[in-house]
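Undergrad: Sequence:
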Amino acid sequence: MTFKIHPIVMGTKVFDKGMMTYQYGHGTPYTIPIYSWYLEGGDKKILVDTGEMKPIQSEDREKAIGGKIYTFEEGLAKWGLQPEDIDIVIHTHLHADHCENDYKCVNAKFYVHEKELETIHNYHPLDFRYVEDYIYEIEQNGQIVALSGDGEIVPGVRVMHTPAHTPGGMSVFVETERGTAAITGFCVIRQNFEPPQEIRAMEMEVIPPGTHVNSYEAYDILLRVRDMAEIVIPLHEPEYATVDTI
Numbered sequence: 040m041t042f043k044i045h046p047i048v049m050g051t052k053v054f055d056k057g058m059m060t061y062q063y064g065h066g067t068p069y070t071i072p073i074y075s076w077y078l079e080g081g082d083k084k085i086l087v088d089t090g091e092m093k094p095i096q097s098e099d100r101e102k103a104i105g106g107k108i109y110t111f112e113e114g115l116a117k118w119g120l121q122p123e124d125i126d127i128v129i130h131t132h133l134h135a136d137h138c139e140n141d142y143k144c145v146n147a148k149f150y151v152h153e154k155e156l157e158t159i160h161n162y163h164p165l166d167f168r169y170v171e172d173y174i175y176e177i178e179q180n181g182q183i184v185a186l187s188g189d190g191e192i193v194p195g196v197r198v199m200h201t202p203a204h205t206p207g208g209m210s211v212f213v214e215t216e217r218g219t220a221a222i223t224g225f226c227v228i229r230q231n232f233e234p235p236q237e238i239r240a241m242e243m244e245v246i247p248p249g250t251h252v253n254s255y256e257a258y259d260i261l262l263r264v265r266d267m268a269e270i271v272i273p274l275h276e277p278e279y280a281t282v283d284t285i
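Positions 40 to 285 (this note's numbering) are the ones given, in order, by the sequence shown.
None of these hints come from the bench; they were simulated from the model.
Please note: incorrect hints may appear among the correct ones.
[Unchecked claim] With a cut-off of at most 20 Å between alpha-carbon atoms, the simulated SDA-like pairs for lysine to any residue come out as follows:
(1) Lys154 <-> Lys83
(2) Lys83 <-> Asp172
(3) Lys83 <-> Gln182
(4) Lys93 <-> Val170
(5) Lys83 <-> Ala116
(6) Lys143 <-> His163
(7) Lys154 <-> Gly188
(8) Lys148 <-> Phe167
(9) Lys93 <-> Gly57
Owing to the predicted nature of the structure, the values given are computational and were not obtained by experimental measurement.
Let the hints inform the model, and build the full structure from the sequences given.
TA: Next comes the structure, spelled out in structure tokens:
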């Protein structure tokens, strides 16, 4: 089974580039898109993450990322879908900007790593990005499937525990007509996988995420994900804001 991957911009953040690239790019203002990824194929309607509930839809933000910003409903409607049509949501992690629309998917099963569920209910003060209110409804409704390891979600879509950015981060491997695509389970951009010459000159092949659980382990996880896929999709790479289908 192969899939088409449709990136849908459902929010943005403006911050220091160093939030993406560890020890590199600090002091450079940077705008990242926040995506929900629709996996088209098979008999299930699958999303990876659900984006922001109330994204800022401004001309400045859209110019910065080079593409249109949608609300959850608008983004799904582009592909003929409504929130209640979604069967499966796979969460890369549970930082707020990746799960704010979960409650709208009333018929979906949500696949989340068990360590991420533990963390959202007992997070460290340094990781203020967790807001447990956003998963309250789906938790109360018994919609969450907690995963303890790697595995197949449906034929052609599998997950791997990749705790580079958060303790329960999961990368999503999707079979496409052009090979295996990896949607990273950690917040990075293209430059994390394709560092500039001055970083490579220090014999570093990748740049860990700017926020991470352990910088050494994060570095090794990026290498592993890179080498497992023909297509690497960094979770916040702006180039996909103008792409309908991967």
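Undergrad: Indicate, hint by hint, whether the structure satisfies it.
TA: Here's how the hints hold up against the structure:
no. : hint              : result
1   : Lys154 <-> Lys83  : violated (26 Å)
2   : Lys83 <-> Asp172  : violated (27 Å)
3   : Lys83 <-> Gln182  : holds (16 Å)
4   : Lys93 <-> Val170  : holds (15 Å)
5   : Lys83 <-> Ala116  : holds (16 Å)
6   : Lys143 <-> His163 : violated (28 Å)
7   : Lys154 <-> Gly188 : holds (10 Å)
8   : Lys148 <-> Phe167 : violated (26 Å)
9   : Lys93 <-> Gly57   : violated (25 Å)
Comparing the model with each numbered hint stated earlier shows that hints 1, 2, 6, 8 and 9 do not hold.
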